[in-house]
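Note that the protein sequences, when read in sequence, are chains A and B. Heads up, the final residue of the first sequence is numbered 453 in the numbering used here, and it's a clean run with no missing numbers. Heads up, the final residue of the second sequence is numbered 453 in the numbering used here, and it's a clean run with no missing numbers.
No wet-lab data here; the hints were simulated from the structure. Heads up, some of the hints might be wrong.
[Unchecked claim] Here are the simulated lysine-lysine pairs, DSS-like style, with alpha carbons at most 27 Å apart: (1) K359(A) x K288(A); (2) K97(B) x K43(B); (3) K90(A) x K129(B); (4) K282(A) x K90(A); (5) K5(A) x K359(B); (6) K90(B) x K129(A); (7) K43(A) x K5(A); (8) K129(B) x K5(B); (9) K320(A) x K359(A); (10) K282(A) x K406(A); (11) K5(A) x K320(A); (12) K90(A) x K288(B); (13) K280(B) x K406(B); (14) K124(A) x K5(B); (15) K320(B) x K359(B); (16) K5(A) x K320(B); (17) K280(A) x K124(A); (18) K304(B) x K280(B); (19) K124(A) x K304(B).
There are 2 protein chains.
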Amino acid sequence: MDTIKYTLTEDQMPEFWYNIQADLPAPMPPVLHPGTGQPITPKDLEPLFPTQLIEQEVSQQRWIEIPDQVQSIYRQWRPTPLYRARRLEKALDTPAKIYYKYEGVSPAGSHKPNTAIPQAYYNKIAGVKRLITETGAGQWGSSLSLAGAFFGLEVVVYMVKVSYHQKPYRRAFMESYGARVIASPSNETEAGRNILKQYPDSNGSLGIAISEAVEVAVQDEQTKYALGSVLNHVLLHQTVIGIEALAQLEMAGDYPDIIVGCTGGGSNFAGIAFPFMSAKLKGDRDIKFVAVEPAACPTLTKGKYTYDFGDTAHLTPLVKMHTLGSSFVPQGFHAGGLRYHGMAPLLSHVVDLGLISAKAYGQLDCFAAGLTFARAEGILPAPEANHAVKGAIDEALRCKEEGASKTILFNLCGHGHFDMQAYMDYQAGLLRDTEYSSDEIAMALAGLPVISQ
Amino acid sequence: MDTIKYTLTEDQMPEFWYNIQADLPAPMPPVLHPGTGQPITPKDLEPLFPTQLIEQEVSQQRWIEIPDQVQSIYRQWRPTPLYRARRLEKALDTPAKIYYKYEGVSPAGSHKPNTAIPQAYYNKIAGVKRLITETGAGQWGSSLSLAGAFFGLEVVVYMVKVSYHQKPYRRAFMESYGARVIASPSNETEAGRNILKQYPDSNGSLGIAISEAVEVAVQDEQTKYALGSVLNHVLLHQTVIGIEALAQLEMAGDYPDIIVGCTGGGSNFAGIAFPFMSAKLKGDRDIKFVAVEPAACPTLTKGKYTYDFGDTAHLTPLVKMHTLGSSFVPQGFHAGGLRYHGMAPLLSHVVDLGLISAKAYGQLDCFAAGLTFARAEGILPAPEANHAVKGAIDEALRCKEEGASKTILFNLCGHGHFDMQAYMDYQAGLLRDTEYSSDEIAMALAGLPVISQ
């Protein structure tokens, strides 16, 4: 009983992204200008993004066409495979059927190129010469570096300092595509210098790195900012994952009862979940959606759904999202891509609508799950993806207890080839779990801005 | 003009391996017993390999069926994509068409699982419990570890010491599949201890590691030896690469004028080349085959075609091959998979028949070629694969000089995600080229055994 692969032909690759906003029972809360407290306009975003990405950010259109050139590049590795994990099912001795969509086949090794390619494309046709971004684990930075190489754009990456030091090879990977990588907080920006003055040994965080990147991006017209998660247009681009998975499960003659993904900023989870969610919204299907996050950065499970800044230096607009407070700096655990104080506002909105449940796990359990998966399925997951693996395994074990043959789908968003230090540390017993007390969480949340809305 | 992918359906995956021995104008020279100087019999190989692999080793049958379970596992990542490298063609401004077959999509990141899976399968059905092997760069060790995990076999890997230290993450990767990894030369074997007595600081070599693995493998019946290259059955298993490439080029309406691959032990080169060679042997096609090796281990370009041992401690039979002498220990350059003193006897025989030309490059030129490729095509090659990339780029540039629109096919045998230290060293200007003088080569060759045949 080996693992089965479900492959779509290139002709079956999606030609449209799916915008869930068209189908939600209530609109998203507006994004607010921090000075005025009033909703921002598309014009306010122009220093950061090209027009077409801003249009996608605010669009209510259900299907948005994927440009030909983006499709042409997607085809280098898409459609990605969907697998029925029969060896894992056997190892767990579960009556559940476990499917996983594998995004690690992209040249950068994760789902991130799904949005890096269109972002670089829209910037290129808008005449932009240079993209500034931040990266946590380095998956996003690698993907934008790749996209920059394809479109002839200069790429500068502010890499969260703990990851910069934990993962020199990830940095080298970005540099091999021609990008410049800077450890954040850095001395190159006002935001970075302020943090370093207060906390000279700061590990950095995605919130700080975003501040640095935004500060540099607004300084000249040919430079723009690119974000690897959180924003509506990023979640939109990732829906190719779920659209393909739908078609592949149809090939398999199956449909998921449970969909699992890991959440940091929320984009890979949204990518696999949203295209299935419309059936739940219409009442056609009863699907349980499980967002899995690290216990060491429990945004959905312990954060507050309220207005907050997307970054530490408060250069971004205010968005309504689940947040631990923009001053919250999670400890340096080994899933850098999940170390974000906030959450994609669109995903938070969907959580608030009661469509998704969230769960938090410590990293030790996640690494154990990752090794179980690797030995059964042959693919060593990224530490971020291990959260989804752990979530899926737990659902499969619950099925075993209950004797229920449910169908579980999860997103294996990337491979762990650049995360071997983490696996070495885990196998050597050097990793610890971090959990925050309610006092610590309350203290972090105390710094939230006061917004009447 | 983006890169084009040619994908076969799973139904088009080969069901047979191709054995070029059936089509060669002259048989291979026999393998000799070092004690008697007489040809060995299949029985002599039984302490090392299960019967079905020995049968494949000596088979003259043209097509050998791939067992169902091996096909079933191959399908997890096969058929692998063939790409037309249009972005690279544009970057080089060449009239040549460049195609590459990409084997890095396997879970272990290289072509090596093509043989690791059937080797583990045949051992499993023969009742073997434990496989011993050696590895240079770690690609083979990773692949056998993966195959061991799939078939429930214990795997022990003797890893060449220089790679063991250069690539701790490759070691961790093997360990994540459950394998035990030992730096070679080690104190665990007679062969290892003898080397360490003479050269306490030995970097190791594939020849030494083979000695250690063979010594351990013959000690009990439930333990066998597995080799990742060199042997006929290994080359046989790799022919899935070329068989698929043939079908994919047919889809593209094209046929190669030039086929390029890198050579260490010879298996990935044979894998892509042999299925095309029968057309050349029949006189139907005029194809130029180029085997690219490192200048720092110039087996085909500076070695001698003669009988030699496959290992340093002289535990293997004598085989006729291109060799630098079994005592030759190449310096620790960054393409560990190509650091072998000898060559697959079958490939050497084909070279001796005049069917292949060989070329050697220094590692600096190869890394430069790899970065050019990564920025154009998005895939960062393994240092071994960079030799093939360099060879293909040189052929494409020659086409440009000559204004010839030839079709070039090369094998991109693996990705470089575990080789980032090498890229960092290269980018930091820390790497040097090694070339051996004719005196040094002559000295190494002086140690060859004297065989009348």
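Evaluation of the provided hints:
no., hint, in the structure
1, K359(A) x K288(A), "holds (12 Å)"
2, K97(B) x K43(B), "violated (48 Å)"
3, K90(A) x K129(B), "holds (21 Å)"
4, K282(A) x K90(A), "violated (35 Å)"
5, K5(A) x K359(B), "violated (39 Å)"
6, K90(B) x K129(A), "holds (20 Å)"
7, K43(A) x K5(A), "violated (46 Å)"
8, K129(B) x K5(B), "violated (40 Å)"
9, K320(A) x K359(A), "holds (20 Å)"
10, K282(A) x K406(A), "holds (21 Å)"
11, K5(A) x K320(A), "violated (40 Å)"
12, K90(A) x K288(B), "violated (48 Å)"
13, K280(B) x K406(B), "holds (17 Å)"
14, K124(A) x K5(B), "holds (24 Å)"
15, K320(B) x K359(B), "holds (20 Å)"
16, K5(A) x K320(B), "violated (42 Å)"
17, K280(A) x K124(A), "violated (37 Å)"
18, K304(B) x K280(B), "holds (25 Å)"
19, K124(A) x K304(B), "violated (54 Å)"
Consistency note: the structure conflicts with the earlier hints numbered 2, 4, 5, 7, 8, 11, 12, 16, 17 and 19.
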